[in-house]
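*Asks:* Listed below, chain by chain, are the residues.
Protein chains: 2
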Amino acid sequence: MTTLGILGGGQLGRMLALAAAPLGVHVRVWDPDPHCSASRAAEIFARPLDAAHAGEFAAGLAACTYEFEHIPHAVVEALERAGVPLRPAELAFAAKHDRLREKELLTSLAIPTAPFAAVDDLAQLHGAVERMGLPMVLKSRRGGYDGKGQAVVRDAAGIAAGLAKAGGRDVLAEAFIPFAREVSLVAARGVDGAFAAFPLVENVHRDGILRLTTAPAARPLQASAESLMRRLMDHLAYVGVLAIEFFEVDGALMVNEFAPRVHNSGHWTIEGAETSQFAQHVRAVCGLPLGSPTSRGHSAMLNYIGTEADRAAVLAVPGAQLHSYGKGERARRKLGHITVRCDVASERDALAARLDPLAPWA
Amino acid sequence: MTTLGILGGGQLGRMLALAAAPLGVHVRVWDPDPHCSASRAAEIFARPLDAAHAGEFAAGLAACTYEFEHIPHAVVEALERAGVPLRPAELAFAAKHDRLREKELLTSLAIPTAPFAAVDDLAQLHGAVERMGLPMVLKSRRGGYDGKGQAVVRDAAGIAAGLAKAGGRDVLAEAFIPFAREVSLVAARGVDGAFAAFPLVENVHRDGILRLTTAPAARPLQASAESLMRRLMDHLAYVGVLAIEFFEVDGALMVNEFAPRVHNSGHWTIEGAETSQFAQHVRAVCGLPLGSPTSRGHSAMLNYIGTEADRAAVLAVPGAQLHSYGKGERARRKLGHITVRCDVASERDALAARLDPLAPWA
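Line by line, the protein sequences give chains U and Z.
Count the first sequence with my numbering and you get residues -9 to 352, in order.
Count the second sequence with my numbering and you get residues -9 to 352, in order.
Just chain U, with the same shape it has in the complex:
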């Protein structure tokens, strides 16, 4: 029996654990909350995430992975001392601790991204506006997700308020990209360098949170997306699943950001692909052969937040599959997702529209 460690017991850790079980991989999740979302599917190591507990957590692990990228360096070092390989390695998320470093990394690899500037005060922001124009997106360099710590400055009158909303200093200013749509690619790289990419998908956000993913999308851009993905993965000597969010602008791709882990825009793969992103990640980080990423028909995935879905109503829709994360209700919290898979795209879209009012958003 292989034991895999996972840092974090949210819904991603939970779905990784559910996918690991059939592969004969036992999962030990490190999460301070013994009742975390993963707690029904895995052994929970309910201690604070600090180096002092890493040795105990690491005992007997074949490898360790994570569901979030804010892992203290001291924990990484302690796992290393315990002889447990961290996959993906620290290099993959180090840049994610600071949006500015992430942008610099992408730029250094000649991966197209929006023009950007570091901003620490109002004067620097005015300078950036002068060079890059408006509108502009301001993001806190550290922390912040699902639209938190972000502001869009549309005109000169909104500059000061925007800066304040983004935290006032340690801000990344990005040119606003008038994109046609957002697409994302989820792919895996094995210990042996093997590569497998799921089809590119289209994402629609609402209130700064992913609402809807449809798959597959934009086949003409698949090769281009995979090429950028491989460049990033090879640079990072990446092992596991990685997601890149792209803006599609004038028929070309520009990277918004990447996530060194399984990703919300890959949840449709549980039903919609030959291998789910969760099983694929477990295979990769455990040194097993990758599975087929081929999609089956056309899928749509709807997130729901804040309130648990009416299970019976959702399941009464033909083909609808529910994925509740077993989390308590709280405003803006992702509580689950709903997937539908069809052989025909138009049928998929009709069912997604029918499911939309059944996926709570509050």
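One thing to keep in mind: the hints can contain errors.
Unchecked claim - A few chain Z residues facing chain U, derived, Cβ under 10 Å:
id, residue
1, Val17
2, Arg30
3, Ala165
4, Pro168
5, Phe169
6, Leu211
7, Ser217
8, Met244
9, Pro279
10, Ser314
It should be emphasised that the hints constitute simulated quantities derived from the structure, not laboratory data.
For each residue, glycine too, the CB sits at the ideal point set by N, CA and C.
Since the structure of chain U is already known, use the hints to place chain Z on it.
*Replies:* Frame of chain U; chain Z shown alone:
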């Protein structure tokens, strides 16, 4: 959060628990062994299966189901006293406690089965041979599965030894059916009487244990199989998944036996159908709408026994999916299964042949 009780924590309980989690259904498994196969996927109630513990087990359960049919009547009564609905109800497995009663039930419903006789001694067996001819199959009326407690009598010289092998008394003698092949139907009935049947599949046994299931099979017989299934389910006021094994004889169906639960010949549905038999059973017994039983392409499922499979070798076969049950190795013990799903039947058969040597059988 709905909590579902399951009696038995073997691989069926485990796969039910893995399917229940995304539906927001928490599972409490009653199994004396705290390290049973289901223990990584469910809360385990590790007490002896007797009425004295039923009240504690039942606390807070919305419903209770089971993975095996040998449930003591006192436990059923105790669950009833605790106000927990048992689904399927006792009527569904009462006949399964005695192969003779099962045959009588089928006969009373005009469901075709092999001619049979009850045998308690050598004289009765000689009488049965005289009436029904040879070869003949002898089965212990109670207990016995996967070919245990069974004997085939091929000639007069083997009569006495066959009877001894089947236990000497309390034996069911059945005419040997020279069937073309064995097929099975897995279907579900909801609390509201809704009905959904998976496609008929073909089963190949080895050493008395299921080796290979291919799906779908025998579409011309689908309607006939569903009609017999509905007759049995309606008689039992059945709620949940039920499996019927048939012999195909001269293009018609004859029932071998039924199983009031999820069934080994339905494991292919995890990848090969829109809804797995496990999710379907959870939906049914929790009073939720049934899912689509439509198959996706062509599937093959291979059991492996005795020895754990070489995981890396299996997963290196294109499209192969592994389902390890997390059980210790033991001769003739089912340890897992391997599934492959293809769009074309011939491709499926080629991959199944390639997987055959990778599925241990000892």
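*Asks:* Please check whether Z:Ser217 passes as an interface residue: C-beta within 10 Å of a C-beta belonging to chain U.
*Replies:* violated (24 Å)
*Asks:* Can you verify the interface hint for Z:Pro168: is its Cβ closer than 10 Å to any Cβ in chain U?
*Replies:* With a minimum Cβ separation of about 38 Å from chain U (threshold 10 Å), the hint on Z:Pro168 is violated.
*Asks:* So, Z:Ser314 near chain U? Judge it on the closest CB pair being under 10 Å.
*Replies:* Check passed: Cβ of Z:Ser314 comes within 3 Å of chain U, closer than 10 Å.
*Asks:* Using 10 Å as the Cβ threshold, decide whether Z:Ala165 counts as touching chain U.
*Replies:* Interface hint status for Z:Ala165: violated (40 Å vs cutoff 10 Å).
*Asks:* For the hint on Z:Phe169, just tell me whether its beta-carbon gets within less than 10 Å of chain U.
*Replies:* violated (32 Å)
*Asks:* Please check whether Z:Arg30 passes as an interface residue: C-beta within 10 Å of a C-beta belonging to chain U.
*Replies:* holds (6 Å)
*Asks:* So, Z:Leu211 near chain U? Judge it on the closest CB pair being under 10 Å.
*Replies:* violated (25 Å)
*Asks:* Have a go at the Z:Val17 hint: is there a Cβ in chain U nearer than 10 Å to its own Cβ?
*Replies:* holds (8 Å)
*Asks:* Closer than 10 Å between Cβ atoms is the bar; does Z:Met244 clear it against chain U? Give me holds or violated.
*Replies:* violated (34 Å)
*Asks:* Does the closest beta carbon of chain U sit nearer than 10 Å to the beta carbon of Z:Pro279?
*Replies:* holds (4 Å)
Checked against the numbered hints given earlier, the structure breaks hints 3, 4, 5, 6, 7, 8 and satisfies all the rest.
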